[in-house]
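> Residues per chain, in single letters:
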Amino acid sequence: MAESGLLQIRDPLKPYGKPVGIDLGTTHSLVAYVDDAGEAHAVPVDGDVLVPSVVHYLEDGSALVGREAVAKAAAHPHETIASVKRFMGKGPDDPETKRLGHYRFASQPGDAIVRFDVGGRIVSPVEVSAEILKHLRRKAEAALDEKVGGAVITVPAYFDDAQRQATKDAGRLAGIEVLRLLNEPTAAALAYGLDRRAQGTFAVYDLGGGTFDISILRLVDGVFEVKSTAGDSALGGDDFDRALARALLDQVSPAIGRDLGADPHAVQAALAAARAAKHELTARESTVVVLPLPERRVEVEVTRAQFESLIASLVQRTAVACRRALRDAEVEPSQIDGVVLVGGSTRVPLVRRFVSEIFGGKQPLADIDPDRVVAIGAAIQAENLAGKPREDMLLLDVIPLSLGVETMGGVVEKIIHRNSTIPTSAAQIFTTYADNQTGMDIHVVQGERELVQDCRSLARFRLSGIPPMPANLGRVQVTFAVDADGILSVSAKELTTGVEQSITVKPSHGLTDEEVEDMLIASLEHAEEDVMVRLAAEAKVEAQRVLHDLHKALEADAALLAPGERERIAAAEAKLAEAMQTNDHDRINLAVSDLDQASSDFAKRRMEKAIQAALQGHSVAEFGE
Amino acid sequence: MANYFEIFGIEPGFRIDERALEERYRELTRLLHPDRHAAGGATARRMALEKTIALNDAWRVLKDPARRAAWLLKQRGIDLGETGSEGAGRWLPPTFLMDVMELREAFGEARAKKDFEAGQRLAAQVRAARAAALEALGNAFDRNDDEEAARQLAMLRYHDRFLGEVRAWEDEAFEEEHG
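These protein sequences, in sequence, are chains A and B.
The first sequence: position 210 = 210 (the working numbering), numbered continuously.
The second sequence: position 12 = 12 (the working numbering), numbered continuously.
Looking at chain B on its own, in the form it has when it is part of the complex:
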């Protein structure tokens, strides 16, 4: 597996300067993109394509704190997958699972009743919880507490899944209106 931090020439770690990362991405992509090598020979064109693909993969993962955290944890032997809640399940504290179930139930009810306001209240609650998990995730990395980081990342993903469902509901309502 390619070392995404190495591709960007930075030290691995959760805390990164996202603005500097973006500038570095732009600089490297200017250098490597197939469009810049369209006039080159077959070797140069193939390398440009391969290197740009690797750069884009690294960029996708590093720019997103949740994917970045998952990548770092995988290097340290904890594999939660790049995204999704499948690999994350076993890291969830039992009390959290109870809370999730309650939230889901409330959300399901709101959706069935088309109570948009109740749905938005729940979404706001989950957004706040997500922000707290992200904060805690960073703190766990600062302390090199990988297991705590895995727990926070797992919770963060459950929040994202919930917010994805909120979005699906909003989209559906919007599409019905503009069908």
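Chain A extracted, bound-state conformation:
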């Protein structure tokens, strides 16, 4: 039997591939891992750990990522996509598409998402992000000389469901097993908290390239409990650049004699110059900005005071979210034990002064590089989920925005409230309003406002197969569940008959499962690796994981086995061992599922026993590793 070469050399007790953490940022992305000694490191890529989140599309449709793409930006503004994160999960008419930028959008009537026209092809933000993730994975595999096993990918805490789903789709499309989506401020808190063995209440102020988050956390005995989170998923350092670039273009246009704001090359140059000036002004009081225009090179002096007056209102806006987060957590600024700064934009001196002011004069913590701290935290969580788990550590996060459904008159009825600890669920009962009504439409929205039009539309669900009966008698219970990634799923049951309803989901601003599937197949067809071998290797890894876990359980709790149960489990195990000798991933997956079936009663008994032990105050440290 042919074995995959990858697996032969592996220690069966070690998980397949290296778990990594990926910070998929607006301006930069990076990947990090935890070494055998338990230390987290960012992976250097082309001499730097920060990879610009820029993708350039060549004429043949293939992509360059990172510094190579940045080098193409000036000459090819339309074919080079920067800050794609700002478009994740967004519709074609989103305000984001109207801001100063050098994108060329491709709008098709009825399209649910933004798409870019990059010359040879039309691409979605999910595909652009997948290129960045693929690049990071390849670079990490080269640097570590090991396959990447699974990844924790970070997202802004304030990302809504559509933005999270889009990020997860990008991971899938890049061929990465997404272990978890982790909120960026929580990741940062993890990196700091474990570093300092901290206890208490902390605020994480995360101002990145395109998003702003504030989270309030309580740290007790290794449990990181997010109390509240707030933010603005369309506010970041990019907006500082735009404000300065806009001012520069307005100032220079009259002298040149044309509207530079209408020229994508000039806009691109002004944005690049503004970004450079912003960095200079962190340490200096003034700097000279150079705009290389076709007419001539223009030099403009910019002082820190001028820059600060341009961005003051943007920085002020973060105070609204900070105040809300504190109130939702029921914490006064004076009760905050420490403030952690995250994101490159917190290097701006005005931002630091402002944060210190909001939190009662406390000097914020920024001694872990604010550009790296998120990826470090993600790597720790990845290791925890798919490598060596840490007994003492647990993250408890919340849903950032309330979930609701549309009711009569376009009013939102909230079903799950913001800052509820996830995973969570809630059920709602809907009644038929017409005789023999067999279907029902449900519109799910996310946000805090009272009217549907002011909230984010997430999806429309069509329930069908309700048995015909008089009006008001059909009662359908719809259950909304939010998983640990902060992603919503919906199920429904007709209460009089108990029949599960089928649900058709139409995401308002996302790709359907079929679309992602199609993209995946298309990308795999062009991939260098053998798809079947990869699928089989992944199935074997999962099988090994399950076997490993089962053996540990059998060793610890053999007394819980019912008569004949061990034999049934052993038979299923033998079938799985046989299947693992092949490269047939379907067969392996089926055998894994059969083994799970054979041992599921045992698994349930174990969990109940552990719960009972906990309720009676016994130590349960040995369970659930």
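Calculated from the structure, these hints are not laboratory results.
Some hints here could point you the wrong way.
[To be verified] Computed from the model, here is a short list of chain A residues facing chain B with C-beta under 7 Å:
| no. | residue |
| --- | --- |
| 1 | Leu385 |
| 2 | Ile487 |
| 3 | Ala543 |
| 4 | Val546 |
| 5 | Ser600 |
[Unchecked claim] The calculated SDA-like cross-link candidates involving lysine to any residue, where the alpha carbons are at most 25 Å apart (straight line), are:
| no. | chain 1 | residue 1 | chain 2 | residue 2 |
| --- | --- | --- | --- | --- |
| 6 | B | Lys63 | A | Ala614 |
| 7 | A | Lys414 | B | Glu165 |
| 8 | A | Lys98 | A | Gly261 |
| 9 | B | Lys114 | A | Ser313 |
| 10 | A | Lys604 | B | Thr43 |
| 11 | A | Lys493 | B | Glu27 |
| 12 | A | Lys604 | B | Ala2 |
| 13 | A | Lys609 | B | Glu165 |
| 14 | B | Lys74 | A | Lys98 |
We put the beta carbon where it would ideally sit given N, CA and C, even for glycine.
Please build the complex by placing chain B on the supplied structure of chain A, with the hints as guidance.
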């Protein structure tokens, strides 16, 4: 409906040791959270998710005295809903409704005139009334006087609604300033 007290392994009742409850929550969540079962089989992962969801639901209700009271009353046949003032209306004493109307009117005037100080004075008054209702709610449970508990809980919710509006005003003013 799941028995929230049973999930935490404690006797049902309004008076609970909130610190012990929090410790128990942390212990159970450490045991059940999906992250602790990420390497397990499908059954273990599904159970971890279901049990954690149930635990989080129970925690949300039990840690908050008003939700906890509503849950207990529902078990005893008095349904005011988990939150909100809709199910609470019929339990309000008529004199209370008159007081509420007067307070609302005064608050509406203060808001229209942007008289922040008057608004804060009214808020302080309502906060004190809320504290009194919470105290009375506990006493009613001690006496097993469910109807009195329902009345106090209904009043408490009206106070919360009022304070929510105060907060909305404060938020609006703050946002205008920092827009």
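> Confirm or reject each hint.
Verification of the supplied hints:
1. Leu385: With a minimum Cβ separation of about 4 Å from chain B (threshold 7 Å), the hint on leucine 385 of chain A holds.
2. Ile487: violated (12 Å)
3. Ala543: violated (10 Å)
4. Val546: holds (5 Å)
5. Ser600: With Cβ-Cβ at 4 Å, under 7 Å, it holds.
6. B:Lys63 x A:Ala614: holds (19 Å)
7. A:Lys414 x B:Glu165: holds (17 Å)
8. A:Lys98 x A:Gly261: holds (13 Å)
9. B:Lys114 x A:Ser313: holds (24 Å)
10. A:Lys604 x B:Thr43: holds (8 Å)
11. A:Lys493 x B:Glu27: At roughly 33 Å apart (the allowed maximum being 25 Å), glutamate 27 of chain B and lysine 493 of chain A break the hint.
12. A:Lys604 x B:Ala2: The hint holds at about 18 Å.
13. A:Lys609 x B:Glu165: Status violated; Cα separation ~47 Å.
14. B:Lys74 x A:Lys98: violated (51 Å)
Comparing the model with each earlier hint shows violations of hints 2, 3, 11, 13, 14; every other hint is respected.
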